[in-house]
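Hey, can you piece these two chains together into the complex? The hints should help.
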Amino acid sequence: MNDSHSAMFKLQGLQVRFGAVRALKGISLHVNQGEVVALLGANGAGKSTTLRTISGLSRPSAGNIFFAGQSITTFPSTKIVRLGIAHSPEGRRLFGGLTVAENLRLGSCSRSDTDGIAADTERMFSLFPILRERRPQLAGTLSGGEQQQLALARALMAAPKLLLLDEPSLGVAPLLVKHIFEALAELKRQGMTMLLVEQNMKLALKLADRAYVLRTGSIALHGSSAELLSDDRVAQAYLGAAQ
Amino acid sequence: MMARAVTLALALVLMAAIAFGAPYVVSDYMVRIILLIALNSIFVLSLSLSNGFTGVFSLGHVGFIGAGAYLSGILTLTVEQKHSLLPHLPAFLNWFSLPFLPATLVAGVLMTLLAVIVGYPLMRLSGYFVSVATMGFLIIVNVVLINASDFTRGARTFTGVPLDTSLPWVFGWLAVTLLVLWRLVYSPFGRRMKAVRDDTIAASAVGIDVLKTRLLAFAIGAFFAGVGGSLYAHYLGSFSPVTFYFAMTMNLIAMLVLGGMGSLSGAIIGVISVSILSELLRSVERGFTIGDVTIPALYGASQIVLGFIFILIMIFRPKGIMGERELSLGFLNSSAKIQFKQGEVK
Chain Y
1 MNDSHSAMFK LQGLQVRFGA VRALKGISLH VNQGEVVALL GANGAGKSTT LRTISGLSRP
61 SAGNIFFAGQ SITTFPSTKI VRLGIAHSPE GRRLFGGLTV AENLRLGSCS RSDTDGIAAD
121 TERMFSLFPI LRERRPQLAG TLSGGEQQQL ALARALMAAP KLLLLDEPSL GVAPLLVKHI
181 FEALAELKRQ GMTMLLVEQN MKLALKLADR AYVLRTGSIA LHGSSAELLS DDRVAQAYLG
241 AAQ
Chain X
1 MMARAVTLAL ALVLMAAIAF GAPYVVSDYM VRIILLIALN SIFVLSLSLS NGFTGVFSLG
61 HVGFIGAGAY LSGILTLTVE QKHSLLPHLP AFLNWFSLPF LPATLVAGVL MTLLAVIVGY
121 PLMRLSGYFV SVATMGFLII VNVVLINASD FTRGARTFTG VPLDTSLPWV FGWLAVTLLV
181 LWRLVYSPFG RRMKAVRDDT IAASAVGIDV LKTRLLAFAI GAFFAGVGGS LYAHYLGSFS
241 PVTFYFAMTM NLIAMLVLGG MGSLSGAIIG VISVSILSEL LRSVERGFTI GDVTIPALYG
301 ASQIVLGFIF ILIMIFRPKG IMGERELSLG FLNSSAKIQF KQGEVK
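Chains Y and X are the protein sequences, given in the same order.
Quick note: the first sequence, position 149, residue 149 per our numbering, numbers continuous.
Quick note: the second sequence, position 198, residue 198 per our numbering, numbers continuous.
It is worth saying that the hints were derived from the structure and are not from the lab.
In this text, a Cβ means the ideal position worked out from N, Cα and C, and glycines have one as well.
Any given hint could be a false lead.
[Said to hold, decoys possible] Covered stretches of chain Y, going by a simulated chain X footprint (3 or more residues, C-beta under 8 angstroms):
(1) 48 to 60
(2) 76 to 88
(3) 106 to 112
Pulled out of the complex, with its shape left as it was, chain X reads as follows (with noise of 0.2 angstroms):
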């Protein structure tokens, strides 16, 4: 425990620097991909709430991103935006204009209140089927983004959002999840997440609500799926409703599975991870010369390397990266390294 609250202290100075002193040190180009690494680092812990630790495999995550980053653009366009890009725009909306804080919190607090409603009945569901619902929430949403295009502009890019995510509005949002979701998840409702996730029957034998915590998790989750998405949105200026959809879906699911689906530290390594890898591979997919020798640009070529690394991985690693164990700086107590060899023999 002690080494683990060190390591998070040392994580969150280390996010501290990177977010102010990134800009003087690398490019602009760099500072963009440490930009996505953190925001997606925001999406993939508040879905491992559920996905990870609690055993609720949800599909429907990206549908709050989504919803929430409409939601937050919609609240911070200048009113004569709202004007011109929404001209039928209901009149309780157009009238004012919300600054960058309170329009992603209301992103986040209107999307935990989704969370609870679409929750109350889908969390009844486990395995397979919880998966399938959520995904029918996430197909709902995407529907809802195009069709209500009073709102959104339906499925023409939603544009104009000012562009207010910068990498210490990023930092600042990412230390914030990291410390409650840590808080959450090593309390005795985190236990209470895992028995859930361990045994639904033994944890309703022992007396747990399997329902409200599993409901919790997925509010909780969704707050932040509802801030990342505002971050994202005023990252981006303009998107569409297919932005949020099943590419990032998959994307999200892959960095969690890959870096652990019970670990913090193991969310964050999974979406760094295949950030760097598939940063890496698609330079070198655009072809370059080696003294005399010419490699030609094979595109396409990085996402068939990327899957081939995900197959390796799940192979050698089934649990991902970090399994459910957390990053931690191991001297400092002896109890992590017995837990490094459970975690190995389960």
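If we strip away everything but chain Y, and leave its shape as in the complex, we get (with noise of 0.2 angstroms):
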């Protein structure tokens, strides 16, 4: 197992409570330089609570959240995005009133290196050929999976150092989320640091290293892919089955 001290992500006894709800019961992960982590589980386990924490979005109760030796805890979003970390969020939810090309820009608007904006730019589009095609169009009038691709290209264009993927594979055709599998591989053999949220147990364990379990708010396994995989309880997880 990984050295969680000298990680580049940590969480630390993280609680979220929405009203008298505990969505997080404290949960403890970390994720290193270069890694790809999945976080699995069942509907209402507080995978997406998790990622919306992490960038700012909601508010823990209790519980810490480091990020390259520093508590992001209770930074801004706008800050933490500066910070490095990206989140592209559960059901995509682009600006579907702008084009494609200015969904694209706004990814990128914690930044200000015009260069650098420029050639990310084109680095999206070679990796998602179809938004080239589309870049004029309004972001509400493509179909799902290029939507979702608009969406995980748009937080690409932050330049993060973490990524936080919130269920790529939701409502995209079988074909296209292979597409969009393949794309997040050539990321992780680029480097990118990646925290994945998915439903598709099978494909997350794929790409990923490591995995995280949840359950009902709570860290209920974890393991290496390989390990993961050959786990009867992994399934029991999903299915709610007692121990």
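Following this line, the structure appears as structure tokens:
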């Protein structure tokens, strides 16, 4: 197991409440530089809440978030993006009334290096060629798969050091899911660090190095992808079966 | 972009021509209507910044217009008028009288500050909540105007404001409003405004400061609301708190929604259509005779017809006449056509 002290990113006892509901009951995990870590679990386990709390969209009631050696627990989302954590949120959440090009440009609005932005835009177009064709089109008129690619590209335009991905396969045709995961694998080869939330367990474990399995707001299991792929308890966590 | 710039330049030339030429060509009655159209354009354009482009549907805009009108009115009264009309005006206000332009600028700047103070808590709200909260602001302004009678003569008519507002003044300020908003809306900041409007959470996720973006749009809108309020005060000469209340709010919102909420030219087209329609209908409702047929006067009928037209437009063009497109000379730029089609699909 990797040493969590040298991890690039770390959650320590993270708790989140929504009124009386405890959505996260004290989660600790870490992600090392260059690693892809999957967060698995059934609906309502707290996967999306974890990502939203990391990127400052929800506030924890207890616990700490560490990134690149400092605590970012209380930072506003604008600062978190600038530090290098980009979030591709659940349900894509594109700016439907704006064009594909404008969506990409907004992805880089935390940056000011004009040349780098232009180069990254080109990179996105070679990673997702369909976006180049759709450049002047309104994001709201794209197909589900195209929208997901745009959501991914928009997050990457922030030039993140850590990419938070929430359900990149949701509502996407199977063929395009394959294409999107190929793109993610390519990003991994290039050294991108990712924390991936995904319903499709097999797909996620094929991409990820390690995974944590969440059940009703706590971590039920964690281990390397190879271990978890052959562990029946993972499926049980999904189905909510008894230990 | 090119076509847009040319369209904007043509619009400015046309506005200058109307501002200086109209009084020689058309009747005083028409000049008054043109002036009110230009004035309402300033109101609706400034309203579109928050309500249309940023997605903060404010019902408090008229609060800034009213406060701006009173403020500018108080500043421009002569010292003698202040002593006779507002005998209890505090000493720091009663010994001087400002000319029209500085008073208008003061109204604009103070409304901007007021908007920042009011907006700091309110701009955290979204959807219906921000509408109701800003309506609360309008009600507070109204009650303050009625009760601060040392400054405003209370519910009695505030009068004696010099009638300085002429066509060139209104069109000059309209040009400034249009130019500033155009630069803003089609800039990186404008893109952030629209991102906040389309999806607040996604906007935060890409690192946009939602509160700051909304606050800026709200405050800049309030500046031009204050300026427009001052122009309106110096057009009317006398007014009372009820002038700046729900009736005016509804009127401006109808113009904005009919014209199209995400379009500057749409805002102006909304003002022109509603103004011309209501003037036409008003002349018809007095009754008229064609040959042997006499149509009797039907007072109030114009409002009913206007209401029906609003309903029809909303059914057949739910995004307003312009939607999110700008009036543009399409042949200069073929992408305008593509945008038109996409607007339809969405």
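Each hint tested on the structure:
With 3 residues carrying a beta carbon less than 8 angstroms from a beta carbon of chain X, the segment 48 to 60 of chain Y meets the three-residue requirement, and the given coverage holds. With 9 residues having a Cβ less than 8 angstroms from any Cβ of chain X, the segment 76 to 88 of chain Y passes the three-residue criterion, so the hint holds. A stretch counts as covered by a chain when three or more of its residues have a beta carbon under 8 angstroms from one of that chain; for the segment 106 to 112 of chain Y and chain X the count is 4, and the coverage holds.
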